[in-house]
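Quick note, the sequences are listed as chains A and B, same order.
Quick note on the working numbering: the first sequence kicks off at 103 and runs consecutively.
Quick note on the working numbering: the second sequence kicks off at 74 and runs consecutively.
Treat the hints with care, as some may be off.
Computed footprint of chain A on chain B, listed as stretches where at least three residues anywhere in the stretch have a Cβ under 8 Å from a Cβ of chain A [claimed, not checked]: (1) 132 to 140; (2) 197 to 204.
Pair ranges (Cβ atoms, derived) [stated by the list, open to error]: (3) S257/A with T127/B: 30 to 36 Å; (4) G297/B with D160/A: 48 to 54 Å; (5) S269/A with R133/B: 31 to 37 Å; (6) G416/A with N140/B: 50 to 56 Å; (7) F115/B with H298/A: 44 to 50 Å; (8) D179/A with G97/B: 54 to 60 Å; (9) R133/B with A175/A: 30 to 36 Å; (10) N284/A with T127/B: 40 to 46 Å; (11) P200/B with D314/A: 24 to 30 Å.
Calculated from the model, a selection of chain A residues having no Cβ within reach of chain B, i.e. all distances over 12 Å [to be verified]: (12) R225; (13) L304; (14) H329.
Just so you know, these hints were derived from the structure itself, not from any lab.
For glycine and all other residues, C-beta sits at the position ideal for the given N, C-alpha and C.
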Amino acid sequence: MSGSILEVRGLKVSRGGFPVLDIPELDIQEGEFLSLIGPNGTGKSTLLLSLAGLLKRDKGEIRFHGKPVESSAELLDYRRRLAMVFQEPLLFDATVYDNVAAGLKLRGMGRGAIRPVVEENLRLFGIAHLASRSASKISGGEAQRTSLARAFATSPELILLDEPFASLDPPTKESIIADLGNAMRIRRTTALMTTHDRMDALRLSNRIAVMDKGGIVQIGLPIEVMHKPVSESVAQFVGVETILEGRVRGMARGALHVDVGGRDVFGTGDSGPGEEVLCFIRPESVTLHPEGAKMDSSARNVCSGTVTKVQPIGLLYRVCIDCGFSLSAHVTQQATEDLKLAAGAVVQASFKASSVHVVRKPKA
Amino acid sequence: MELIFEGIKQAVWLLITFDPEVLGITWLSLKVSGLATLISLFIGVSMGTVVALTRFPGRRLVVSLINTGMGVPPVVVGLFVTIFLWRNGPLGFFELLYTPSAIIIAQAVIATPIVAGISLASIQKLPEALRLQILALGATRLQMIWMLIKEARLPLLAAVMAGFGGVISEVGASIMVGGNIKGYTRVLTTATVMETGKGNFDIAIALGVILLLFTFTINAILTGIQQRERPR
Chain A
103 MSGSILEVRG LKVSRGGFPV LDIPELDIQE GEFLSLIGPN GTGKSTLLLS LAGLLKRDKG
163 EIRFHGKPVE SSAELLDYRR RLAMVFQEPL LFDATVYDNV AAGLKLRGMG RGAIRPVVEE
223 NLRLFGIAHL ASRSASKISG GEAQRTSLAR AFATSPELIL LDEPFASLDP PTKESIIADL
283 GNAMRIRRTT ALMTTHDRMD ALRLSNRIAV MDKGGIVQIG LPIEVMHKPV SESVAQFVGV
343 ETILEGRVRG MARGALHVDV GGRDVFGTGD SGPGEEVLCF IRPESVTLHP EGAKMDSSAR
403 NVCSGTVTKV QPIGLLYRVC IDCGFSLSAH VTQQATEDLK LAAGAVVQAS FKASSVHVVR
463 KPKA
Chain B
74 MELIFEGIKQ AVWLLITFDP EVLGITWLSL KVSGLATLIS LFIGVSMGTV VALTRFPGRR
134 LVVSLINTGM GVPPVVVGLF VTIFLWRNGP LGFFELLYTP SAIIIAQAVI ATPIVAGISL
194 ASIQKLPEAL RLQILALGAT RLQMIWMLIK EARLPLLAAV MAGFGGVISE VGASIMVGGN
254 IKGYTRVLTT ATVMETGKGN FDIAIALGVI LLLFTFTINA ILTGIQQRER PR
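Okay, chain A solo, but in the shape it has when bound (with noise of 0.2 Å):
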């Protein structure tokens, strides 16, 4: 990465006489694949389409490469430096072969010049043999595929990608994110993309930022932001399913020492004695035992409860574990026989001090 492609100041944004979106400040680094999560609703799309300065905006500054981008014809320059991808495919009543093309025609180039480049994004996007087909007979993977290789065909240096997997069946999407994921290397373009799929996120990108009403709450490294979300909401959209409120006691032996009723829990955070605050526990990291096992984990956090719940999702099993609060812990199917985990069982639950990330609780 070398330096900021865009950079975005005050950014704010009305539709209907009400504002939704308010970006003081997003910078994206050359070279990088930025990912926006947000739950539905948050402005995610509304702020791709006003950085493609398709969308109107109230204030705000937008810098490409450094110059700003105010006048129609920087505006014009500037969208024919970019590309964008929406979760329709959008294709033209075409063929495959034409919809690739339509980008450099637009930009005046000869039928000489657009063949190899229009070739070669096919084949990049494995859709060379669907060149002749009308746009409107393919399936949908195979026209998204067909809507990415027309934004590859400009040479863009940014792309904008606004939620490209939303309507496509699992193994279409995975063998999608995989091709683009070999684009990206291959071209080295820049990309910022809106998901509400955290695990497309955590695939593709270099950095994670989080919306919410509009706004950009948290950025980061993905394992950042998955394992030290900022808020409950930024919590609660990463896939955290424990969320305690207590007061810390103080610092034990390098964790903060937090009271959750009367129950103590080893934490990391910037907290101090006093302080009311919040503990965010991923299930992922939490650990189950047979009741009365020895342990030899160097979890600091270990607890005996009664199982309340289990429940499957996909692969894994969700089980709800009152240990004096309520804990979540994700397990596989074989766990689930192993220490036969069924509502009134009682097991063993322990977590480690760095899996649990502590932010003082805002006020009301």
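With chain A's structure known, arrange chain B on it following the hints.
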């Protein structure tokens, strides 16, 4: 029934013998209605596209006016075009009344709202995101409009058919502004009215059959283009 058979026989005879008067009338009908349709396409598609893509105060009123215009009776158009082109009228100095140009103007006025209305509906039906996608591909505003028109080309062919069908078959305006002058402004519809009035049903039927034949042929060609198999 005999009258109808006589009329059809007469029509076939007039066609296979290349009757010069009938040929002249047919050619003028096609020329006048074809030109009027072309003019209405240019104005109507532009008008429909602009109204479909822009938001301005009074837009609903404009849409209502276009929709109303789609059903305006040709005689009313004929009346106003006559007044405008009348010797003492606002455009009287052009001296166009009772000329083929006057018929073209009247027919273009009839067809324009039809074309505009269908264009408006076709462009409006395209997804809003498609407009954004075209702009995001680096299109100028004009390129974006042209690409949208291309996307709506199939419904726009319906606009051509409706416009042409509307004007080739209208009689009220053509007779009012053209005067049905033999060899000059007489078209298929005005000639049919005149022959029917004179009791020459065989010739009237013959002219009607020719009119139907041409309307059918042109619409069949346009339908063929519209419905043809897309590339695979």
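Hint numbers not upheld by this structure, sorted from lowest to highest: 1
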